[in-house]
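Residue numbers (this note's numbering), protein chains in the order written: chain H, 35 to 846; chain V, 9 to 98.
None of these hints come from the bench; they were simulated from the model. Among the hints, a few may not be true.
Straight-line distance between alpha carbons at most 25 Å, and here's what the computed DSS-like set of lysine-lysine pairs gives [as the list claims (entries may be wrong)]:
(1) K87(V) x K18(V)
(2) K818(H) x K556(H)
(3) K59(V) x K409(H)
(4) K425(H) x K31(V)
(5) K59(V) x K397(H)
(6) K378(H) x K87(V)
(7) K377(H) x K19(V)
(8) K417(H) x K31(V)
(9) K94(V) x K417(H)
(10) K397(H) x K94(V)
(11) K401(H) x K31(V)
(12) K351(H) x K377(H)
(13) K173(H) x K201(H)
(14) K19(V) x K378(H)
(15) K417(H) x K311(H)
(16) K30(V) x K409(H)
(17) K425(H) x K59(V)
(18) K397(H) x K30(V)
(19) K87(V) x K618(H)
(20) K31(V) x K397(H)
(21) K19(V) x K409(H)
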Amino acid sequence: MKFKTSSNSKDKTKRSFKKKIVRKGINEIISCLGCQGSCMQCPAFTNNPNNPNNRNNPVNPDNPNNSNNLDNANNAINANNIKKISNPVRELDIALVGSPNSGKTTIFNNITGAKQHVGNYPGVTVEIKTGTRKYNGYKLNFIDLPGTYSLTAFSEEERITRNFILKEKPDIVLNIIDASNLERNLYLTTQLIELNCQMILVFNMADLMEKSGLHLDLELLSNLLGASIVLTVGSKNLGTQNIIDEIIKINANSYIKKNIKINYGDEIENELIKITKLLSSIINSQNKAVSFNNYIINYNLEWVSLKLLEQDNLILKELSEVLSLSNLNKLTNLVDGSINHIKKITGYYPNTLIAEARYGFIKGALKESAIVKGKNDVLLSDKIDQVLLNKVFGLPIFAVIMWLIFQLVFKIGDYPTRWLQLGFNKLSELLSVLMPDSLLKSLLIDGVIGGVGGVLVFTPKIMILFICIAFLEDSGYMARAAFIMDRIMHKIGLHGKSFIPMLIGFGCTVPAYMCSRTLENKNDRLITLHINTFMSCGGRLPIYILFAGTFFTNNAGNVIFAIYLIGILMAVVFAKVLRATRFKGESEPFVMELPVYRMPTLRGILIHMWERTWHYIKKAGTVILSISIIIWILFTFPRINNEIVKPYNDQIVLLEQKFSQGLISNSELDLNIKKIKQEMSLKQLDYSSAGRIGHFIEPLFKPLGFDWRLALASIAGIAGKEVVVSTLGTTFSISGASNGYESLRSSLKDAYNPLIGFNFMLFCLLYFPCIAGLAVFQREAGTKEMIFQIFFTITLAWVVSLIVYQIGKFFI
Amino acid sequence: MDPETLKTDKKIILLAHASQGKKYRVVNIAGGHCLISRLNAMGIVIGDVIKVIYQTWGGPMTIAVKGVRIALGRGIAHKIEVTEVKEGDQ
Chain H
35 MKFKTSSNSK
45 DKTKRSFKKK
55 IVRKGINEII
65 SCLGCQGSCM
75 QCPAFTNNPN
85 NPNNRNNPVN
95 PDNPNNSNNL
105 DNANNAINAN
115 NIKKISNPVR
125 ELDIALVGSP
135 NSGKTTIFNN
145 ITGAKQHVGN
155 YPGVTVEIKT
165 GTRKYNGYKL
175 NFIDLPGTYS
185 LTAFSEEERI
195 TRNFILKEKP
205 DIVLNIIDAS
215 NLERNLYLTT
225 QLIELNCQMI
235 LVFNMADLME
245 KSGLHLDLEL
255 LSNLLGASIV
265 LTVGSKNLGT
275 QNIIDEIIKI
285 NANSYIKKNI
295 KINYGDEIEN
305 ELIKITKLLS
315 SIINSQNKAV
325 SFNNYIINYN
335 LEWVSLKLLE
345 QDNLILKELS
355 EVLSLSNLNK
365 LTNLVDGSIN
375 HIKKITGYYP
385 NTLIAEARYG
395 FIKGALKESA
405 IVKGKNDVLL
415 SDKIDQVLLN
425 KVFGLPIFAV
435 IMWLIFQLVF
445 KIGDYPTRWL
455 QLGFNKLSEL
465 LSVLMPDSLL
475 KSLLIDGVIG
485 GVGGVLVFTP
495 KIMILFICIA
505 FLEDSGYMAR
515 AAFIMDRIMH
525 KIGLHGKSFI
535 PMLIGFGCTV
545 PAYMCSRTLE
555 NKNDRLITLH
565 INTFMSCGGR
575 LPIYILFAGT
585 FFTNNAGNVI
595 FAIYLIGILM
605 AVVFAKVLRA
615 TRFKGESEPF
625 VMELPVYRMP
635 TLRGILIHMW
645 ERTWHYIKKA
655 GTVILSISII
665 IWILFTFPRI
675 NNEIVKPYND
685 QIVLLEQKFS
695 QGLISNSELD
705 LNIKKIKQEM
715 SLKQLDYSSA
725 GRIGHFIEPL
735 FKPLGFDWRL
745 ALASIAGIAG
755 KEVVVSTLGT
765 TFSISGASNG
775 YESLRSSLKD
785 AYNPLIGFNF
795 MLFCLLYFPC
805 IAGLAVFQRE
815 AGTKEMIFQI
825 FFTITLAWVV
835 SLIVYQIGKF
845 FI
Chain V
9 MDPETLKTDK
19 KIILLAHASQ
29 GKKYRVVNIA
39 GGHCLISRLN
49 AMGIVIGDVI
59 KVIYQTWGGP
69 MTIAVKGVRI
79 ALGRGIAHKI
89 EVTEVKEGDQ
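So here's chain H without its partners, still in its complex pose (with noise of 0.2 Å):
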């Protein structure tokens, strides 16, 4: 028990350290996951051996306290005498760990109220959540911690975990089980066991363990696991009070935490003496050589010979930052003789027989303990999967599924995004009778409504792409998906695991980037990365929205649909194009779990879809709308002279010459005024910065059949692809031509023809995504990556864009 107001000077630099993780969240954890341990000269990573408070300090085995400890974890379960604390605040850490699919983020936002997404596929957490609770006079600080399988540290995830509970040593490690499969689940609490942290076994989804006629003892279980237990059903958020009395009662009882050692059989045991034996002498000696603070050197020392044994490249590569190199040899020479030594005796390597002792371990426990043994009922699940997985009907099932969320956003979504636009065109009209003639004006109805409108009529259809999605993620279908594509996927070198980022591509790049982090193959995860581009982002969606509707008004649903096929093919080309250049050597092994279908909860979809969308809407409020004035200062600035001004007004006042003598009719003289004003906007279009710009690259798109417009639109659209419609808006609006959506819609159309309306979404679908994409790309793959990200996308866009339409020219 750490009391955080005590005035320990490493106990303070350790808590700078987090609440700067906090703010500055993931960017922080993966600089610290570069270094891989070599940061051990950050203050923060220093930890004193000698500490008292420091409860991971090399194990005592034997706890004289141990018949003390097992009242405490029996009080765990059933007592509720909480204490009152009258203390300063407390500052506990709480890391949330756990298997994917057990539930954690439910857990995670059932506690701290934070909207963060839950999703029923492997790697939804990628990245550090935390949220805070206050409760009692203790501030509870969750960490949310990726969902893995084990602490080998063989992914970014599982590293990602391992670093936080060696590095952070949170107080309290929340161990989130999947209750209705505990034998597998329990694995990762076995690695947990084996770190000696201070532990509270969650057993969620407890409901479905009820069902499946599973009775257990948990007192006994708990004693035998050396955590506390409590019961939990996410999805109801049910139990979530239970874990915040019982991280409290812990805390205020002076909770010493019972030991359990796991037993891996004597080969192992006698080879893990041996080691532990040298790990320490080695140390001793040259602790009065070099004075180091590395936490792996602090950490319990049987641990790090049991990764030893297991033959761990993490720990050893740690060790090779802190020991002399004779020191190393010696440690490996003997580590490999431990080895060899027991393949030639039991006939395994050991992390076989180690794993084999976990389970043994989780085995003998879970029937020590089981009242009434359950029955896993999975079989329903098995019969849907005999259908959608099916190899003649699982690919037709998963492409008739896609085409339906297609026609969903498109037949449903129409509605409110007509409303929207009745909406956005009124106010305007408003705005036009309420405001004289005025530059600010202009601003509002040209640059705001014209540019940050135009993005946001797009809402309601982006919000049930994004249900559709979170409905594929939470139902267990992601991982289906997963399964049908591997084969195809298997032909251009990758697995159907990477399809899963490239799923979540089509609602945005951004996360589809960062889940691509649970493909361990360096060479794999490129590849996916690179060509995640290619998946239509919810970004892209108006431009083809915009002039798929504008151009095939009936068939806009399957031209969309034929855009996003394009999108496929195109990944599909360049994978293995990447795979044969670039990027040669053989995939990782496909290895994934397929949860039980679940029937999603109608408030998990909300707060993922919601979660996406807000992110959605706040980009129009903040980066479209300042790149809207932008847009908006360069189509107006410098103004046209009175010059250039005089012949237009000057015809102007001959016309109204000629209405007052009779000449012309009302009506003649509105249609000519009409027309000369546009006269003139168009002017001032080609004198403002923005005409110039365009006009200057227009050389560059005039192949593709772009003119200084769309030219312009797709420069603006490196910006984030929202950008290219708003800006078409402006465009058209200060022009003249246009006011409101509709009225675009028209001008487009007499602007263009349906072949350059279907090149420039075939343009805007290849290159790179948004400036945003590209800062994710850049942290996940290197800036040279991402260079090359850049010149590729930019190339192909263009050269497959010059193809289309130099080709398409003869048909029109």
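Once you've looked at the hints, dock chain V against the given chain H.
This is chain V only, laid out in the frame that chain H set:
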């Protein structure tokens, strides 16, 4: 568990060639320690009995182990050596 008894008396086949609906015992995983640790964490350990739930022949397959369903790609299914377990055998 003695490795010798695992490997004798029954024909060892690759999981990739196993039939749908039948149960098998894993006798060897021909892969590096990375792959083995990964499979261990997913619940597949040498000596375990697994059931082939869905076999697509040529594509990925799904198996049941420790109450969960796991999708395995072709490549990996060729690295897992199994022997058939008859009902009541275990």
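Verification of the supplied hints:
no.: 1; hint: K87(V) x K18(V); result: 18 Å, holds
no.: 2; hint: K818(H) x K556(H); result: 14 Å, holds
no.: 3; hint: K59(V) x K409(H); result: 16 Å, holds
no.: 4; hint: K425(H) x K31(V); result: 21 Å, holds
no.: 5; hint: K59(V) x K397(H); result: 19 Å, holds
no.: 6; hint: K378(H) x K87(V); result: 22 Å, holds
no.: 7; hint: K377(H) x K19(V); result: 23 Å, holds
no.: 8; hint: K417(H) x K31(V); result: 18 Å, holds
no.: 9; hint: K94(V) x K417(H); result: 23 Å, holds
no.: 10; hint: K397(H) x K94(V); result: 23 Å, holds
no.: 11; hint: K401(H) x K31(V); result: 23 Å, holds
no.: 12; hint: K351(H) x K377(H); result: 23 Å, holds
no.: 13; hint: K173(H) x K201(H); result: 21 Å, holds
no.: 14; hint: K19(V) x K378(H); result: 24 Å, holds
no.: 15; hint: K417(H) x K311(H); result: 54 Å, violated
no.: 16; hint: K30(V) x K409(H); result: 19 Å, holds
no.: 17; hint: K425(H) x K59(V); result: 19 Å, holds
no.: 18; hint: K397(H) x K30(V); result: 23 Å, holds
no.: 19; hint: K87(V) x K618(H); result: 22 Å, holds
no.: 20; hint: K31(V) x K397(H); result: 20 Å, holds
no.: 21; hint: K19(V) x K409(H); result: 31 Å, violated
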